[in-house]
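Take the given structure of chain X and dock chains W, B and G to it, following the hints.
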Amino acid sequence: MFSTLIDQFWSLTLSGIALGFIYVLISLGYTMVYGVLRMINFANSEIFMFGTFATIVISRDFLGNVDGTKSLPLPKLILTITLCLLGSMLVSGLVAVFVELVAYRRLRARGTNKLATLISAIGISIVLSEFMRIITNSRPTLNPRVLEKKSLFEIAGASFRMDTVLTIIFAAVLFVVLDRFVKFSRLGRAIRAVSMNEDASKLMGVDLNKVISATFLIGGLMSGAAAFFYTLTYENTKFNVGFTLGLAAFTAAVIGGIGNIRGAFFGGLSLGLVEVYASSILGTEWKSVTVFIILVLVLVLKPNGIFGEAVQQTRA
Amino acid sequence: MYNVLFVYLAMAVLISIDTIRRDRIQKGKDQERYVQERTLLGQKTKRVLLELKNLTITFGGVTALNAVNLKIYQGEILALIGPNGAGKTTVFNVVTGVYRATSGEVLLNEQSLDGMKRHHITKIGIARTFQNIRLFGDMTALENVITGTDVHKRSGLLGGLFGMPRARREEKAGRVKAHEILQFIGIDEYSDRLARNLPYGVQRRLEIARALGTNPQLLLLDEPAAGFNPAEKVELANTIKKIRDAGYTVLLIEHDMSLIMGISDRVAVLDFGQKIADDLPSVVQNDKRVIEAYLGVPADAS
Amino acid sequence: MKKIQAGVIAALALVLSFTLSACGGGSDTIKIAYQGPLSGGEAQTGIDEQNAVKFAIELYNATNPEKKIELVSADDQGDGTVAAGVAPGIANDESIVAVVGPAYSGATIASLPYYKEAGMPMISPSATKVSLTDPAVAGEFGGPVFHRIPATDKIQGPALGKLAVSGVAAPKVFVVDDQTAYSVGLVEYLLPSLPKASLVGTDSTKNDTADFAPTVAKIKAKGANVVIYTGYYSQAAVLVKQLRDAGYKGIFAGGDGVLNSEFAVLAGAAAEGARLTGATVPLGELSPELAAKFKESQGVEPGVYAAESFDAANIIIEAIKAGNTTRATILAYIKTVAYVGVGGQTISFDANGDSTLGFINGFLVKDGKVVSTGAVK
Amino acid sequence: MKLLNRLREGNLRDWGASFWEQSSPTKRKVIATSLIGFAALAPFMGFGLLDTPVSDYGAVLVYPVGMFILMALGLNIVVGKSGLLDLGYVAFFAIGAYTMAILGTRTSLNTWEIMPIGIALAMLAGLILGLPALRLRGDYLAIVTLGFGEIVRISALNTREIGGPNGIANVPVPPSIGPIKFSLNDQKAFFWVVLIMILLTIWMIRRLSVRRAGRAWEAIRQDEDVAELMGVHTLKYKLWSFSLGAAVGGAAGVLYASKTLFIAPEMFTLNVSILILACVVFGGMGNIWGVVLGAAILAYLPERIRFISDARLLVFGLALVITMNFRPDGLLPRKKREKAIVKSTQDGI
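Quick mapping for you: the protein sequence lines, in order, are chains X, W, B and G. For what it's worth, the numbering used here labels the leading residue of the first sequence as 1, then goes sequentially. For what it's worth, the numbering used here labels the leading residue of the second sequence as 1001, then goes sequentially. For what it's worth, the numbering used here labels the leading residue of the third sequence as 2001, then goes sequentially. For what it's worth, the numbering used here labels the leading residue of the fourth sequence as 3001, then goes sequentially.
Chain X with its partners taken away, still in its complex shape (with noise of 0.2 Å):
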């Protein structure tokens, strides 16, 4: 039952924490939106989808890139690497405002219920991924090779593999900047305020659809940064690719608290590493029963994840 994991323990945690990198940059985007809407966006997981298919159109019809099996050359490869990563980001975090403005704006300047808001997100979920399905032929897309996957160096039987390293990298460098940025910008510190207290900050002067807006942006920009590293890494993508990711990062946003950036980090990370530990261990069909047992338990013992906020309320 551990022979798995004792004999691949390294290497199962490098690409648990590869995983749970793309895991925290999503759940950022539920996060962030969560944190000032107080409300699921349910739409992130198509957010994060249209950042996969940007990455792909952009590096195979506009770079010109082909399927092989070696790495681009290196300047055609920095040149790939940044354009779909910021044409991704750039997709998703559109697509991200679009869905603000379509299917949240709206109902929020009615100030109705936030089931119908929810409803509504689901509603343009649909149809976002049904457009995609619709283009794609339901098909899965293939992303061309860019990177080999050749290990650079090998710790304990596990090796670090240029896409590996890149995205553990760059995922760490883009939550920090993240992480600063609402600390310390004025538009963070807005969103701050308004996270704290909508109507205060409304009397403060801060314009509420234009942070809204922002923080839905700054959410679709961490999706569609996940979606550049997830497509490099695993070469494809579909038009249902964010149902289960979607579910995982959100799982993960709620398990470090939803709403707190760095629970988010955590979260993410720590699922990532679930995910593999309980598939070796139990059998991959019950990872996601693992999974959400964990976050019941999280959640019984601490109900606002374990970064939430400490209310200090008792509970019914």
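Hints in this document: simulated from the structure, not taken from any laboratory. Quick caveat: nothing in here was measured; it's all calculated off a predicted structure. We put the beta carbon where it would ideally sit given N, CA and C, even for glycine. Errors might be hidden in some of the hints.
Per label pair, the in silico range of CB-to-CB distance [claimed, not checked]:
1) G:Gly3016 x B:Ala2332: 53 to 61 Å
2) X:Pro303 x W:Val1013: 46 to 54 Å
3) X:Pro303 x G:Leu3318: 35 to 43 Å
4) G:Ser3018 x W:Glu1105: 35 to 43 Å
5) W:Gly1085 x X:Leu79: 54 to 62 Å
No farther apart than 30 Å at their CA atoms in a straight line, the calculated lysine-lysine pairs in the DSS-like style are these [what the hints assert, rightly or not]:
6) B:Lys2196 x B:Lys2222
7) B:Lys2335 x B:Lys2116
8) B:Lys2206 x B:Lys2172
9) B:Lys2031 x B:Lys2067
10) X:Lys76 x X:Lys150
11) X:Lys70 x B:Lys2116
12) W:Lys1117 x X:Lys302
13) B:Lys2222 x X:Lys150
14) X:Lys70 x B:Lys2335
15) G:Lys3181 x B:Lys2116
16) X:Lys150 x B:Lys2366
17) B:Lys2116 x G:Lys3188
18) X:Lys114 x G:Lys3236
19) W:Lys1117 x G:Lys3029
20) B:Lys2196 x B:Lys2154
21) X:Lys302 x X:Lys114
22) B:Lys2031 x G:Lys3236
23) B:Lys2366 x B:Lys2067
24) W:Lys1046 x W:Lys1241
25) X:Lys114 x X:Lys202
26) W:Lys1172 x G:Lys3236
27) B:Lys2172 x X:Lys150
28) X:Lys150 x X:Lys70
Frame of chain X; chains W, B and G shown alone:
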């Protein structure tokens, strides 16, 4: 293969057992309290209804209440005053079980309320209103009050579903009682209107009516006169007196001094989470520390 | 208030008037249905099959027969739940005399009760689940109405096992399924056929997994040199890529779920050398001229199961040609048919509905193309 | 434009309610009976505009239309009445269906005998899930219920003893009731059973709405903290709400298994939960007639527009977005009128 399932099942079972056990214990405690209450009600002495003993509460380093001692006697109106942020509403929140005390305790009829669930506290006789009105807006005025009266009903969901005699009886009695309370407060004419469509003043009074619906021993009123004009305030003062005269004990948070001085039997003053005075209105009015607190003497000077 | 009332009444009247105008009667056409996934994630399979059925019908109608045939598309999304809604519609439409399909086994199981009750003759070009023609499995057995062209997983399972380990001196086999009914069913027949003690491990992965790292780790830990994946092509492509990237050098094999030209495209170089099986032969291989004609009339290349779908449709067309226009007579005709298919072999059905073809073809991914390597013997 | 405004602002529900209140008891009886009669005749209206292409109209009326209405009403107790966001409702449906399939194929019990067992098991599952989960609020509850739904489905998928991914086939149809036979190619009898179950559920909800339980739910939905401070035992009533919702879901599951004769885990995915939730919100959360209408439309629409095959779901998604943006309270919103529901208790509803 199945260990995962077992873990979940075991967890669920444990939690269920725990909840049921806790409920059981709570029920037992309730029963005891009920009996004691009854015997105490028999003695018509001026006795302590509610007591705060050394009550301290801190929020992540900030001390909201600092070793507050306060007694409320049966049948009086006690006003709790103090500058903004002094901790008045915090007292309400601790007494009604919203916050847990960091140390110290709250006693109702000499019974600690510590660890008691909020609805149990209501059931054994403490009801409150809210500073910012929190009615059930989609219910009618009458339904709001009936919801209050539901606390003491003994028929449950199935009784209601299958129309058991007791459920019918209690349902009818609740409606009658709610009408009585609305009449008592003087807003029965609004009984069929949705709460959120009611005029502001009526909403404030409806909150009182809803709290009275739970048949409390102690009624907590959180700024009931906020936003009232002088005429309405006079009317409210009369209502509160009427409530006291009907045998309820009232703990009142208010900013309007004339109202307080007019109706209170006693006044307690909080400042920065500490009780700085507790006496007859006329005495408190001339207390040096109270005047300082209200005039806003710099913090370092106090 | 009055206005709303009037509006409601008007709307009701409108609906009623539409409701009462019943639709038109019949003509001298006769209808057959194709049932398979025409939308949803599996749509390509259904569209490919339906094109072949269309092609067969167009060829027939072009001969100006007495009774022209009209095709009814029944989209079940390859999903049992949807199929249970679609099947009664087909079954209750008296003008439909036969069904080509359903394409998928799960949808077939869900549809069967309705077709059995209606006595609807069915010929499936691609449903390979064993129990569909096994009278011992009550509730899933399709007799007497169900027939199919391809060989079942009972034959495919062992063939896949044989193909996967052929030429390997000391095979260490690792089997991965994708938790679908098809996949698990195939594994059931695959495992017993493997050489003794060659099985080193199994794993089940969800059919939308992106990250196979735990599975790959297991495969490496067990030192397997033959990996058999019984799921579908898109996941197979992801798995084989991750395997190769992790340094796996052994054989990768898959069943008819993986058998798709897209597999080679998606997996790229990693797919090279992969061994696949399927109860089908590419139409182009059987009859290049027919394939060319197909391309001309349908505008696309014939897809997987084109030959089988074409044969299935033609058997029904033969029945109609012979003057059978009711479900009962067509069913009787199918029971005794001896039809020479595109491949030149005679197709007839046994008492349980299995065709006499009973072959499994082997395939190899070579230079980015899936090429047939002939029947697995 | 005026018409658009009227459509947007109009509250047919209030109009209906005041109409109902103004009617005499006899008139009400006549209206109710004729409405039920009309609904019972629905299986005979499957031609012309109402007919569904490809799918059989009679079958569509049972599943999805009837079943969705039933489940949406059940979920409405949880989401609409008590304001608890449940994204795992399909679990109870699955438990009912599996109870029917397992007991139906392995014992000699028939559908009607299994029905109470299925309901009881679903309620038990509701309790087991509810005890830990209902301490959570809002979105946390949503994700835990969602997880529960997935756990049930994946456990069924991974358990070979109940068929694993193969599911269970050969589930028996219900035995005849007198002259009414349950036949697959003529599903009128199934529809009538669903209709009776729907009516029972409506009866239950209407009755509880004007009683203590209904007020408790309403109070919890509007302000859980205040409800508790007003003495409502919130956990108890939330558990009731959960298990009553589960009971309806379980009952629907039992009938569903007995109607499709074949069930598999793939039938109980998260999408079903979301779709049912969409029915509730789309029609008008908390309002029985809104939920019925919403479920009927959302279940029927995709079948009706099958001819646009590929873009079907796209249109469905668009319909959700547009409707929610223009009618956020649903097609028939909950009551806004100024009349105490309590009053009608005097007439003994």
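Inset, instruction - Given the hint that lysine 2366 (chain B) pairs with lysine 2067 (chain B), test it: the Cα-Cα distance must not exceed 30 Å. - result: Answer violated: lysine 2366 (chain B) to lysine 2067 (chain B) is near 46 Å, above 30 Å.
Legend entry - 30 Å limit on alpha-carbon distance, applied to hinted pair lysine 70 (chain X) and lysine 2116 (chain B): 56 Å, violated
Inset, instruction - Could you tell me whether the CB distance from glycine 1085 (chain W) to leucine 79 (chain X) stays inside 54 to 62 Å? - result: 58 Å, holds
Inset, instruction - Could you grab the alpha-carbon distance between lysine 2116 (chain B) and lysine 3188 (chain G) and see if it respects the 30 Å cut-off? - result: Judged against 30 Å, a Cα distance of about 19 Å means the pair holds.
Inset, instruction - Assess, step by step, whether the Cα of lysine 2206 (chain B) is no farther than 30 Å from the Cα of lysine 2172 (chain B), and give holds or violated. - result: 23 Å, holds
Inset, instruction - Just tell me: holds or violated, for the beta carbon distance of proline 303 (chain X) and valine 1013 (chain W) against 46 to 54 Å? - result: 20 Å, violated
Legend entry - Pairwise hint evaluation, lysine 2222 (chain B) against lysine 2196 (chain B), where the allowed Cα distance is 30 Å at most: 17 Å, holds
Inset, instruction - Mind checking the alpha carbons of lysine 2031 (chain B) and lysine 3236 (chain G) for me, to see if they're no more than 30 Å apart? - result: 59 Å, violated
Legend entry - Given hint lysine 202 (chain X) paired with lysine 114 (chain X) - CA-CA distance at most 30 Å: 20 Å, holds
Legend entry - Restraint status (C-alpha distance of lysine 2222 (chain B) to lysine 150 (chain X) at most 30 Å): At roughly 22 Å apart (the allowed maximum being 30 Å), lysine 150 (chain X) and lysine 2222 (chain B) satisfy the hint.
Inset, instruction - Mind checking the alpha carbons of lysine 76 (chain X) and lysine 150 (chain X) for me, to see if they're no more than 30 Å apart? - result: Holds, because 18 Å separates the two Cα atoms, which is no more than 30 Å.
Inset, instruction - Sort out whether lysine 2154 (chain B) lies within 30 Å of lysine 2196 (chain B), counting only the CA atoms. - result: Satisfied, since the Cα-Cα distance of roughly 19 Å is no more than 30 Å.
In the structure shown, a violation is registered for the earlier hints numbered 2, 4, 11, 14, 19, 22 and 23, in ascending order.
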